Structures are given as structure tokens and as C-alpha cells.
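Q: Here the protein sequences line up with chains L and S, keeping their order.
In terms of the working numbering, the first sequence opens at residue 6 and continues consecutively.
In terms of the working numbering, the second sequence opens at residue 3 and continues consecutively.
Since the hints were made in silico from the structure, they are not lab data.
From a predicted model like this one, the values you see are computed outputs, not experimental measurements.
Warning: the hint list may mix true and false statements.
As the list claims (entries may be wrong) - Looking from chain S toward chain L, a few residues come up when the C-beta cut is under 10 Å (computed): (1) V92; (2) W126; (3) R128.
To be verified - One side of the interface only, derived from the structure: several residues of chain S facing chain L at Cβ under 10 Å: (4) G32; (5) W36; (6) Q93; (7) L107.
Even for Gly, the Cβ is constructed at its ideal location relative to N, Cα and C.
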Amino acid sequence: MGDLARFLAANRAQVLDLLGEHLVLVGIAVGVAVAIGLPLGVAATRDRRLEAAVLGVANVLQTIPSLALFGFLIPVPVLGGIGASTAIVALTLYALLPIVRNTHAGIRAIDPALREAARGMGMTDRQLLTRVELPLAAGVIVAGIRVATVISIGIATIAAAIGAGGLGVYIFQGLAMVDDTVILAGAVPAALLALLADAALGRLARRLTPPGAPGGRADARPA
Amino acid sequence: MAHLETRHTGAERGEGTPAVAFEDAGFALGADRWLVRGLTFAVEARETVVLVGRSGAGKTTALKLVNRLLDPSEGLVRVEGRATGDWDPVQLRRRIGWVIQEVGLLPHLTVRRNVGLVPELLGWERARIEARVTELLTVVGLPAAEYAARRPHELSGGQRQRVGVARALAADPPLLLLDEPFGALDPITRAELQREFRDLVHRLGKAALFVTHDLREALALGDRVGVMAGGRLAALETAGRFLESDHPEARALTATLDGGARGG
Numbered sequence: 006m007g008d009l010a011r012f013l014a015a016n017r018a019q020v021l022d023l024l025g026e027h028l029v030l031v032g033i034a035v036g037v038a039v040a041i042g043l044p045l046g047v048a049a050t051r052d053r054r055l056e057a058a059v060l061g062v063a064n065v066l067q068t069i070p071s072l073a074l075f076g077f078l079i080p081v082p083v084l085g086g087i088g089a090s091t092a093i094v095a096l097t098l099y100a101l102l103p104i105v106r107n108t109h110a111g112i113r114a115i116d117p118a119l120r121e122a123a124r125g126m127g128m129t130d131r132q133l134l135t136r137v138e139l140p141l142a143a144g145v146i147v148a149g150i151r152v153a154t155v156i157s158i159g160i161a162t163i164a165a166a167i168g169a170g171g172l173g174v175y176i177f178q179g180l181a182m183v184d185d186t187v188i189l190a191g192a193v194p195a196a197l198l199a200l201l202a203d204a205a206l207g208r209l210a211r212r213l214t215p216p217g218a219p220g221g222r223a224d225a226r227p228a
Numbered sequence: 003m004a005h006l007e008t009r010h011t012g013a014e015r016g017e018g019t020p021a022v023a024f025e026d027a028g029f030a031l032g033a034d035r036w037l038v039r040g041l042t043f044a045v046e047a048r049e050t051v052v053l054v055g056r057s058g059a060g061k062t063t064a065l066k067l068v069n070r071l072l073d074p075s076e077g078l079v080r081v082e083g084r085a086t087g088d089w090d091p092v093q094l095r096r097r098i099g100w101v102i103q104e105v106g107l108l109p110h111l112t113v114r115r116n117v118g119l120v121p122e123l124l125g126w127e128r129a130r131i132e133a134r135v136t137e138l139l140t141v142v143g144l145p146a147a148e149y150a151a152r153r154p155h156e157l158s159g160g161q162r163q164r165v166g167v168a169r170a171l172a173a174d175p176p177l178l179l180l181d182e183p184f185g186a187l188d189p190i191t192r193a194e195l196q197r198e199f200r201d202l203v204h205r206l207g208k209a210a211l212f213v214t215h216d217l218r219e220a221l222a223l224g225d226r227v228g229v230m231a232g233g234r235l236a237a238l239e240t241a242g243r244f245l246e247s248d249h250p251e252a253r254a255l256t257a258t259l260d261g262g263a264r265g266g
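Required output: the full structure, derived from the provided sequences and hints.
A: As C-alpha cells, then:
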């Protein structure tokens with residue numbers, strides 16, 4: 006541990022750069038995944054056929070090994086190639102499943118009688134979504150974003166293999182040099198980052214879960 | 003244009019137009035599983051009609067035909083003289099106060115927001131909503147200063163039902179639909195709310211269609227009481243004449259009164 010501390014102190018500027026790259030990779034990927042996954046999850050609650058298709062595809066994406074997915078993407082035009090954009094595409098695909106699934110599950114868990122009551126009062130479909138379904142499912146949805154974020158922080162370390170930067174750079178360097186200290190200089194900050202994000206989003210999920218809402222205890226549903 | 007003319011005629015007829023009229027209305031799941039069938043009766047303006055019957059008799063289905071949560075498979079239901087199919091469902095529902103058992107309040111909103119919900123949907127100004135909410139909470143015996151900021155889970159069952167009634171009245175709808183609103187309450191709170199509800203509805207001049215499985219509640223609240231059995235309206239009598247009805251289902255219900263009284 007002494008070696009690790011010395012290494013981090015000596016390379017502080019570079020550690021912060023890599024940490025910054027890591028945060029950018031994860032931040033963009035999770036942001037895009039929310040932008041795509043939230044509407045998809047909502048749509049899946051509205052249409053049975055879409056439900057099966059969306060959840061099925063998201064499940065399959067999750068099973069592709071991450072290194073293989075990065076590899077597949079390299080020859081793909083526009084989305085692929087060497088560098089951060091490819092990594093972001095791959096991370097986004099991984100982050101989708103928990104977000105889609107929790108959005109879907111959070112809305113499905115709402116008592117149908119409550120939904121009918123809201124309709125009976127004269128809410129339009131949109132008002133039902135924005136005033137009842139999303140607020141009541143918010144805790145479960147954020148729990149999904151939490152899982153997506155933690156997964157992405159881990160997988161983003163592998164993105165260094167295709168030149169996307171991030172804390173994985175140290176891990177791959179350390180592996181090449183057979184130097185545990187350098188490996189740990191990448192792995193330990195990444196792990197701490199994951200724990201931090203987990204705690205912060207967990208707290209947010211609990212705060213957003215209204216009393217009496219489905220999944221009262223912020224339900225993380227690990228992927 | 004045709005719609006506009008219909009509306010004018012309805013307005014001119016005013017008091018004479020029933021608040022709700024069922025005309026041989028039926029609703030079936032799939033091809034021939036009829037939940038209700040052959041319903042023909044009206045709720046006049048300012049009248050309270052209570053439908054009573056056992057679970058599965060079709061009472062709730064009948065209510066949902068009124069606010070277009072369901073559309074009749076055959077026949078017609080008219081609200082203010084106009085077939086429900088000709089109403090925009092959202093507009094129709096905002097003209098009808100809807101009270102249901104327990105789950106109706108939105109758990110993530112305060113009492114104030116729950117009561118002000120329909121006015122908010124109708125686009126009232128904030129100050130007007132606030133004044134209306136304060137007024138209504140006073141009417142149902144829950145002073146706004148004390149209760150407006152609470153969430154539903156911070157209220158007792160009786161208080162929640164009071165909020166439910168206040169919410170149904172918020173936009174001053176001419177018609178109220180009530181589905182077992184007092185079903186989950188203890189007998190004392192229940193009697194109290196029944197009394198207050200009856201006074202309130204008469205004072206405000208609302209028409210109401212009320213559903214319950216409790217005949218005593220039906221007799222206490224209804225100007226007329228209808229018995230539903232097997233999806234049909236078996237009998238419809240004024241509350242006074244109901245006890246003399248010789249329809250078997252009405253007699254079966256009347257027989258429950260003694261047992262009910264002894265059981266508390």
C-alpha cells in the first residue's frame with residue numbers, strides 16, 4: 006500500500022487526467038443510456054410486443070463479453086474505430102439494460118387501481134406519465150441508473166484496451182510491466198469511484214421513493 | 003356542428019335532462035361474457051341513486067360506463083343528455099367527481115395537491131386553486147392549516163376518504179360517482195361520513211351514482227336504491243319502498259339487515 010500511495014502521489018497530475026477521462030466516458034455513456042433507455046422502458050409498458058422485444062434485446066446485449074464488444078465495434082464505421090467514442094457506444098449498450106428494465110418494472114409495479122383513479126379524474130396519457138407514473142417509479146428508475154453507473158465504471162477500465170483512456174490505462178500498463186503497484190493505481194481509484202457513485206445514487210434513490218410507492222426500499226435489482 | 007347543436011339542446015332542457023341515463027346498456031368482455039347487460043335507468047339532476055349488490059354483480063362496471071373508463075358494448079349511456087361516446091373522455095371525466103376506496107389518493111402528493119388536482123388539470127390559476135382547496139378541506143372537516151401539507155400515508159382511513167370526497171368536489175362537477183368509498187372504514191367513522199356525505203350532496207345539489215354492497219348504507223344515502231344481480235338491474239325503488247320489494251335478490255339483501263344490526 007505504501008508503494009501505491011507513493012506512485013499516486015508522484016503521478017498525481019496523470020492520475021487526475023485519467024480519472025477525468027474515466028468520468029467523461031461513464032458520464033456520457035450513462036447520460037445517453039438514460040436518454041434512450043427511459044423512453045424505451047416507458048414504451049415497453051405501453052405495448053406487449055415492444056415489451057418482449059426491448060427487454061429481450063437489452064438482455065442479449067448484456068451477455069456479450071465487454072472485451073469482445075469493444076473488439077466488434079472497432080471495424081464498425083461511424084460508431085466504431087479506436088478511441089473514446091467506440092468505448093462510449095459500448096458502455097451505453099451495457100448501461101441500457103438496467104435502466105430500461107427498472108423503468109419498465111417501476112411503472113409496472115404501480116397499483117393498476119391508482120392508474121385507473123388518475124385516468125378517472127381526467128388525466129391525459131401524458132399527464133398520467135409525468136404526474137403519476139414517473140414520480141412513483143422514480144426511486145426504482147434511479148436504482149437502475151445506479152446499477153448502470155457502477156457497471157460502467159468497471160467496464161470503462163477495459164476501454165483502455167482500445168485507446169479510450171481512463172483509469173484502465175494503468176491496469177493495462179501494469180499488466181504489461183508485471184507491476185502490481187501500477188495495476189492497483191488504476192484499479193483502486195476505479196473501485197473507490199464505483200463505491201462513491203453507488204452510495205450517492207443509492208441515497209438519491211431512497212430520497213426519490215415516495216412513501217407508499219412500489220419498491221418502497223430502493224430496489225437495486227443487480228443486473 | 004351536430005355536436006354543438008346537441009349541447010345547446012341539452013343546456014336548454016336544463017333541469018329536465020337526467021345527469022346520467024343508461025339506455026339498454028351492456029358491457030361484455032370478449033364476445034359474450036357480459037359483465038352488465040340491459041341496464042336502463044336514469045339518475046336525475048340532484049338525485050342520489052345507490053346501486054347495491056354482491057361482489058361481481060356488475061356495480062363497478064356500471065360506474066365505469068359513465069366516465070368512459072369502459073365503453074358500452076351495446077346500448078348507450080348518456081351524461082347530461084349526450085352519449086358518452088360523443089364526449090372527449092378527458093373532458094367528460096373532469097366534469098365528474100370520482101371517489102373510490104383507499105387507493106385513489108396519489109401517495110406522492112400532499113393533501114393540497116391531491117385535492118387541487120382536477121382544477122390544476124383544468125388550468126385554474128394557483129391562487130384560485132389554493133382558495134378552493136382551503137374551502138373544501140374546511141367543508142369535509144379537515145382544516146387546511148393542519149392537514150393541507152400532509153401526505154396520504156399520514157392520515158387515518160377516515161381522513162383519507164374525506165380528502166377523496168373533497169377532491170371529487172374540487173372542480174364543482176354536477177355529477178359524482180362513488181365506488182364503495184366508505185367500505186374500508188370502521189363502523190363509527192363510516193356512519194359519520196355517510197351522514198356528512200348525504201348532507202353535503204343535498205346542500206350542493208349534486209347528482210350522485212353510488213355503489214356499495216351494504217344495504218344499510220344504500221338505504222341511508224339513496225333517494226332511490228337499485229339492486230344489481232348477475233349484471234342486471236333487478237329492482238330500482240325509492241329507499242322507502244325498497245324494504246317491501248318482493249324481488250328475491252332485494253329480499254336476500256333485506257334479510258342481511260337484521261344480522262348486520264346484531265353484528266354491529
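Q: Each hint should be assessed against the structure and marked as holding or not.
A: Now for the hints, and whether the structure bears them out:
1. V92: Holds, about 5 Å.
2. W126: 13 Å, violated
3. R128: 16 Å, violated
4. G32: 17 Å, violated
5. W36: 21 Å, violated
6. Q93: 7 Å, holds
7. L107: 8 Å, holds
In this structure, the earlier hints numbered 2, 3, 4, 5 are contradicted, and the remaining ones agree with it.
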